[in-house]
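Protein sequence lines correspond, in order, to chains A and B.
Note that our numbering has the first sequence beginning at 1, numbered continuously upward.
Note that our numbering has the second sequence beginning at 1001, numbered continuously upward.
Keep in mind that the hints were calculated from the coordinates and are not lab data.
For glycine and all other residues, C-beta sits at the position ideal for the given N, C-alpha and C.
One should not assume that every hint holds.
Said to hold, decoys possible - Calculated lysine to any residue pairs in the SDA-like style (CA-CA distance at most 25 Å, straight line):
#  : chain 1 : residue 1 : chain 2 : residue 2
1  : B       : Lys-1140  : A       : Arg-97
2  : B       : Lys-1140  : B       : Gly-1247
3  : B       : Lys-1169  : A       : Arg-307
4  : B       : Lys-1140  : A       : Ala-16
5  : A       : Lys-149   : A       : Tyr-17
6  : B       : Lys-1140  : A       : Asp-46
7  : B       : Lys-1140  : A       : Gly-69
8  : A       : Lys-205   : A       : Arg-307
9  : B       : Lys-1031  : B       : Gly-1247
10 : B       : Lys-1025  : B       : Cys-1102
11 : B       : Lys-1140  : A       : Arg-307
12 : B       : Lys-1169  : A       : Lys-149
13 : B       : Lys-1202  : B       : Glu-1226
14 : B       : Lys-1169  : A       : Pro-22
What the hints assert, rightly or not - Short, incomplete list of chain A residues facing chain B, as computed with Cβ under 7 Å:
#  : residue
15 : Ser-34
16 : Pro-56
17 : Cys-57
18 : Tyr-95
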Amino acid sequence: MGVMSIREAYGRALAAYGAENPEVVVLDADTSFSTLSHFFAEAFPDRFFNVGIAEPCLVDVAVGLALGGKIPFANAFAALISLRAAEQVRTSVCYARTNVKLAAGYAGLSDFKDGPSHNAIMDLAVMRAMPEMIVIVPADAVETSKWVKVVAEYDGPVYLRLSRAAAPQVHDESLKVEIGKGLTLRPGDDVCLIATGSMVGRTVKAAEGLAREGIDARVLEIHTLKPLDRELIIQAAEETGALVTAEEHSVIGGLAGAVSEALAEAFPTHLERVGLRDTFGRTGLDPETLMDFYGLGVEDIIRAGRRALERKTTGNVDRVRRA
Amino acid sequence: MASLTESRILELEQIGRQLRIDSLKMIHRRKAGHPGGCLSLAEIMAVLYFSKLRIDPERPGWPERDRLILSKGHAAAILYAALARRGFFPAEDWNRWGELDCHLQGHPDRLKTPGVEMTTGLLGHGVAIGAGLALAGRLKGLNYRVFVVLGDGECQAGIVWEGAMTASKYHLANLVAILDYNDVQLDGPVHEIMPMEPIASKWLAFNWAVLEADGHNIRQIHEALEAAENIHDRPTIIVARTTKGKGVSFMENEAYWHGVAPNDAQFNQALAELGEVV
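Same shape as in the complex, but just chain A (with noise of 0.2 Å):
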């Protein structure tokens, strides 16, 4: 495959944009090798710290950088960032508002080898209850590239959170990101189905294996979880009156918790979510199996869409599924 890792596209970028912009610093908790901030400490050994195995001390010491006026970039664990150093990241990024950037490795189930201790399932749930916090999950190695120098010339706390996998490639150059902007990536009118990060290039596929039964499926990514792409997603509401959220981690409290309550406050519409139902991953050899047995695959967006249209078509109750 001739994919670049989400993390690779992260590193690299980074490393690029340091020499773009000299007040960028680079912090890591004894994991630049597999964050791969290893290139940007490379290139900017003054500018680059380790902290050690310590993310609560990472994120603090970011925090002094920033209110010393440099643009620190933590980067660290997901599940470490967003639990282990929550409490940090409350109080001294969110409350006390300073411009950090955490970026958040090996997201989701993409540490397949090292199993449920190392991944990341609920951090979008608890960086979205996080006042001030911006959450953004690329879907490709470009577009995480482009969120570089978006996320660092934001002024204001940013959770990046970041594959440690290949995704498959959905955007070409071209691509613009903005923070809180949707992206239509295919239109439709029977069916929506929203997609974040590592789902986004599955749920193009879906769209396409619904194309072939005759179901017109709508795409949207949504790449910033918070602020939420409101508008957007009204309108495909209204428009298509059938919904699926797409991602790679639980589905209580990150796309789906979002969709949901952007719906049910504004327009109340049926809505199946794809995601991991409240449990924790298992260790396995590839991410791409271990997304399909948690049913993440392709068939399962699949399935997921013509459930909703069921639904929207019936107005069948679904009183069986559980979280």
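Dock chain B against the given chain A, drawing on the hints supplied.
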């Protein structure tokens, strides 16, 4: 090294006494706050804010200013006392502490209160944040110093030592911590709840320079802060032995007074003991 004249020492002692009175007035009026850990800090804050810190209330964003992080953020009242007396905001604001439209929060908030360098309250953050701020100063070629005021119970938090390792790894000589070592925390004596001794050798083992001072002796605090300026290869901590509740007989060394406001009778007695005419 400029040592303090006798008259300057008397002046700073007087300021310390005033900061105690101001803190108690704020806490009594609001019926909430943390008197014990304010009273133990009075001389330390007097020396820092009225002698040592290079700050200018006219220019709160001055890039070269020294920074103080009150890591033990529950001592907010004495920080508000020092900042107002130093001219960062009007002393009348004290009377509205805690009101919904008042900038003074229960614990310090850098976005709301002029002169507050960092938002604190939950314990443990100051050393690691101070290390980052000291690093930023070095990167930007600014010669400001970063002062972190720590509690002793606070040093039970692991993040303190994570920050301590980082500060010594990067030889942050522009970082100075002052430990308010009053040996009392919320639940009781520190040496019973979670003993911290030997505290000096803990910090020495983390490659910090360790200085000791009587935290109620203006000259000793000042001399320790001056001595820290001559240490160029590592961060410094000043272990300042203090008495929690200092200056008010019934509050001294009593954990009860960690976070309780005095009633009217207690308040009047406290003021009388501090020589304030009610």
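Minimum Cβ distance from Cys-57/A to chain B below 7 Å? Check passed: Cβ of Cys-57/A comes within 3 Å of chain B, closer than 7 Å.
Measure nothing beyond the straight line between the CA atoms of Lys-149/A and Tyr-17/A; if it is 25 Å or shorter, mark the hint as holding. Since the Cα atoms of Lys-149/A and Tyr-17/A sit roughly 7 Å apart, the hinted pair holds (cutoff 25 Å).
Has the given pair, Lys-1169/B with Lys-149/A, been kept, meaning a C-alpha gap of at most 25 Å? The hint is violated at about 30 Å.
For the pair supplied as a hint, Lys-205/A and Arg-307/A, is the alpha-carbon distance within the 25 Å limit? holds, 17 Å
Given the hint that Lys-1169/B pairs with Pro-22/A, test it: the Cα-Cα distance must not exceed 25 Å. holds, 23 Å
Can you confirm whether the C-alpha distance between Lys-1140/B and Gly-1247/B stays at or below 25 Å? violated, 42 Å
Between Lys-1140/B and Arg-97/A, is the straight-line Cα distance small enough, at 25 Å or below? Status holds; Cα separation ~21 Å.
Given the hint that Lys-1031/B pairs with Gly-1247/B, does the C-alpha gap stay at or below 25 Å? Holds, because 20 Å separates the two Cα atoms, which is no more than 25 Å.
Regarding the pair Lys-1140/B and Gly-69/A, is the alpha-carbon distance no greater than 25 Å? holds, 9 Å
Take a quick look at whether Lys-1140/B and Asp-46/A sit within 25 Å of each other, Cα to Cα. holds, 12 Å
Does Arg-307/A sit within 25 Å of Lys-1169/B, going by the straight-line distance between their CA atoms? violated, 57 Å
Does the interface hint hold: is Ser-34/A within less than 7 Å of chain B, judged Cβ to Cβ? violated, 20 Å
The earlier numbered hints that this structure contradicts are 2, 3, 11, 12, 15.
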